[in-house]
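Using the sequences and the hints given, assemble the complete structure.
Quick note on the numbering used here: the sequence shown kicks off at 0 and runs consecutively.
Keep in mind that the hints were calculated from the coordinates and are not lab data. These numbers come from a predicted model, not from an experiment.
Okay, derived cross-link-like pairs now, DSSO-like style, lysine-lysine, Cα gap no bigger than 30 angstroms in a straight line:
no. : residue 1 : residue 2
1   : 43        : 33
2   : 19        : 53
3   : 43        : 80
4   : 80        : 54
5   : 33        : 2
6   : 43        : 54
7   : 33        : 19
8   : 43        : 53
9   : 19        : 54
10  : 33        : 65
11  : 43        : 65
12  : 65        : 80
13  : 2         : 65
14  : 53        : 65
15  : 43        : 19
16  : 54        : 65
17  : 80        : 53
18  : 2         : 19
19  : 65        : 19
20  : 53        : 33
21  : 33        : 54
22  : 80        : 33
23  : 80        : 19
Quick list of the computed label-pair ranges, beta carbon to beta carbon:
no. : residue 1 : residue 2 : range
24  : 46        : 23        : 16 to 26 angstroms
25  : 77        : 50        : 18 to 28 angstroms
26  : 38        : 80        : 18 to 28 angstroms
27  : 10        : 78        : 28 to 38 angstroms
28  : 32        : 52        : 26 to 36 angstroms
29  : 46        : 10        : 34 to 44 angstroms
Where a beta carbon is used, it is the ideal one built from N, C-alpha and C, also for glycine.
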Amino acid sequence: MPKATNLIEAYNNFVVEPLKTEEEFRDFYVERPKNAPSPIEELKDRIENAESAKKYLFLGFRGCGKSTELNMLSRLIDRNKF
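Set out below in structure tokens:
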């Protein structure tokens, strides 16, 4: 999908689906500012350092980015595998 150069193109390109591919993350994922805490990094650390399996509730309004963030979490964890 080409990047929009005006509001009409942005509206026509809008799709409420999580980012999944490497290309989608590269082109559209917005990183948090470096000084802002990252809930995904915190969750990744908790998962990796847990002594036993845990369950987490991840909630928010429809379209707010839950699935995109969980896909990012999966990518972060996969990168650290040997």
